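Those sequence lines, one after another, are chains A and B. Mapping to my numbering: the first sequence position 52 is 52, numbers consecutive. Mapping to my numbering: the second sequence position 56 is 56, numbers consecutive.
Simulated from the structure, these hints should not be mistaken for lab results. Being a predicted model, the structure only gives us computed values, none of them experimental. Check the hints yourself; a few may be wrong.
To be verified - Listed below are several chain B residues computed to face chain A (Cβ distance under 8 Å; list not exhaustive): (1) 197; (2) 313; (3) 316; (4) 318.
C-beta atoms are modelled at their ideal positions from N, C-alpha and C, and glycine is treated no differently.
Each chain, letter by letter, is given below.
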Amino acid sequence: MSGLLTLRGLSRPVLEDLLDSAERYGKQLEGRDKESSELAGITVTTVFFEPSTRTRLSFEKAAAHLGAHVMSFSPETSSLEKGESLRDTVLTLSALGSDLLVVRHGGVGVPGLVARWTGLPVVNAGDGRGEHPTQTLADALTMRKHFGALEGLRMGIIGDIRNSRVGRGHLWALPTLGVDITLIGPRTLLPVANPWGVRIETDLDSALEGLDVMYLLRVQRERGGAAGLPSVSAYAARFGLTQSRLSRLHPSAVIMHPGPINRGVEICDAAADGPSSLILEQVANGVPIRMTVLAAAMGAK
Amino acid sequence: MIIVKGARVWRRSGLVEAAVVIEGDRVVEVGTVTASSGARVIEARGAILGPGLVDIHVHLRDPGQTWKEDISTGSMAAVAGGFTAVVAMPNTAPPIDSVKAVKEVVDRSAEVGMVDIAVAGALTRSREGLEMADFDGMYEAGVRMFTDDGDSVADSGLLRRIMAYLCDLPGAVVAEHAEDRSLTRGGHLNEGAVAASHGISGLPAVAEEVVIARDLALAADTGARLHIQHVSTAGSVSLIKRAKESGLAVTSEVTPHHLKLDESAVDSLDPNFKMYPPLRTAADRQALVEALEDGTVDAVATDHAPHSVAEKDVPFEEAPRGVIGLETSASVAWEALNGDAGLFFERMSAAPSRIAGLDRHGQPVEPGSVANLVLFDPDRSWKPRSFYSKSSNSPFLGTSLTGMVMATIHEGSVVYEGDADE
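Use the sequences and the hints to build the structure in full.
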């Protein structure tokens with residue numbers, strides 16, 4: 001694997017190898033000797049054109065655990081403000097000695113474009129409404145660790161799926177791993193077509209009880225999600241995981257959310273903080289997943 | 001004197017093997033030619049000689065955006081594509097909305113001289129959609145087609161007044177780029193499976209269809225001649241079909257790329273497949289091919305829209321809309337029409353000439369007809385690798401095409417001759 005641009009088309013064995021490898025890194029992180037030198041001498045540059053805290057930190061921590069040198073680029077401190085083109089910016093980062101780029105950008109397909117322009121391995125850290133592959137893999141790892149297996153898990157992805165790169169990444173990879181996905185949301189926030197052939201539901205209450213995983217998404221106001229709703233409170237009433245809906249979940253069901261969460265909108269406090277919540281495990285599993293992806297991108301091991 | 005020998009000649013009666021003699025700006029003889037001393041001889045080797053092609057929808061980007069194209073490179077691209085006349089769209093910078101702007105393009109086109117460049121005038125002043133443009137002045141200067149191409153006239157009241165006004169100018173036609181901006185804002189490709197796959201906002205078919213439905217109602221109300229530009233959906237086809245059946249004076253065009261490609265081609269997110277209207281579904285494409293055959297769609301028009309490499313080598317959502325088409329149109333149309341020469345010259349030459357009022361074009365090759373001609377070899381395969389156009393944003397770049405323009409004759413002069421041994 002040279003970089004990771006998309007999960008689309010990746011086979012089950014390839015995806016499972018990534019999860020297996022991440023699980024080994026996870027064990028390493030739990031042990032006393034957390035650091036390795038697999039990427040010693042390698043410069044990993046995080047290139048984030050959109051704001052991010054957790055994803056960038058997670059990538060930088062993963063790179064550090066592998067012994068890589070980390071450079072960090074953000075547009076507000078750069079020549080982009082002086083009108084430099086995207087292409088010139090990434091060519092400069094390449095010339096500065098980057099060996100691998102971790103790219104987040106508001107435009108779909110930009111990581112692939114950057115890979116073509118620079119010839120470097122590129123990891124997609126979120127491209128517009130496209131995908132967020134390492135989040136999807138971290139979520140798959142979280143579910144696999146919790147349930148022991150992914151095959152046959154009934155997962156509801158709830159909310160603004162149309163505008164969610166996380167949801168889209170899940171749709172490309174999780175069915176390949178045997179997860180049975182139902183998309184649940186108002187018609188205005190569902191994808192405009194269903195090339196994945198997954199089940200679609202517009203009534204959360206009728207779907208609620210049959211789910212093993214409640215995967216909640218926030219309404220992406222910055223990508224226009226709110227225009228598909230009369231109001232946030234109307235959304236919360238129809239699709240929010242409220243106290244009363246929480247009590248109707250199957251006892252073994254879990255609650256997941258890629259963050260940042262909007263308490264009182266898509267999720268109530270009791271759901272976010274309760275024993276069924278895997279939200280912090282998702283964050284923790286992001287680090288070994290990103291170690292795996294970075295190492296694989298550089299052909300380590 | 002020019003003699004074209006060994007051609008299959010498109011005459012009133014159909015394809016006939018003959019030699020054709022051209023003197024001055026006229027075809028003077030079609031038949032068996034013996035004497036050829038002093039004449040320039042073109043060996044057709046079985047290629048088809050027909051009326052020069054006519055493209056009623058091109059963007060020459062001149063004035064204002066001449067890094068993309070100019071009148072001279074656009075003319076070269078046109079003749080290399082077999083065209084003897086094109087209609088230049090008015091969305092230049094500044095827009096062509098006045099006599100002065102029309103005359104400037106017409107005069108400079110005449111200096112280049114290798115192809116007839118008719119100018120379409122804007123429907124509204126500065127293409128702002130607020131007030132009528134100077135129709136009388138532009139009409140006087142020869143303009144027959146009026147369009148705000150690139151935008152619809154959103155204000156229905158204004159469009160109704162425009163249509164009523166243009167009814168008084170014989171031959172004038174309102175050409176509409178059908179796009180309801182409130183339905184396409186933020187969109188970059190057809191709203192459908194490919195848009196959903198990538199998470200890129202779509203341009204729904206209905207954004208085109210609501211405008212066409214409105215325009216047909218306004219045309220019926222006012223009696224104006226209406227031409228629908230770049231039809232792209234099955235729904236649009238059925239709206240136009242119904243309007244034609246009811247006797248409305250409506251015509252329409254389809255682009256070569258909509259005839260050959262569907263939205264699956266956009267899956268690569270190559271900006272050379274990004275244009276408006278977007279490539280639609282396979283079913284839409286099929287409906288367009290059938291509509292071109294049955295005459296619901298009258299003409300093929302390229303919407304030749306040059307953009308530089310740098311402008312297109314950007315993220316898909318940031319890339320400008322539009323692809324070039326002049327140099328590949330004949331090949332694509334020939335294939336779409338299954339090599340039916342009669343339909344080919346009707347849709348590529350005769351019908352577009354009638355729509356735009358270009359009476360020196362689109363006639364069968366007969367003694368006395370104007371020598372605006374194309375020599376087209378339908379059997380020759382080729383791959384477009386470079387273009388006479390200043391831009392190369394073609395969806396057919398590097399792909400294999402069948403049918404090649406061998407020569408173009410404009411007003412009795414050979415303005416283009418391809419390399420026969422290539």
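Verification of the supplied hints:
no. : hint : in the structure
1   : 197  : holds (5 Å)
2   : 313  : holds (7 Å)
3   : 316  : holds (5 Å)
4   : 318  : holds (6 Å)
In the structure shown, no violation is registered for any of the earlier numbered hints.
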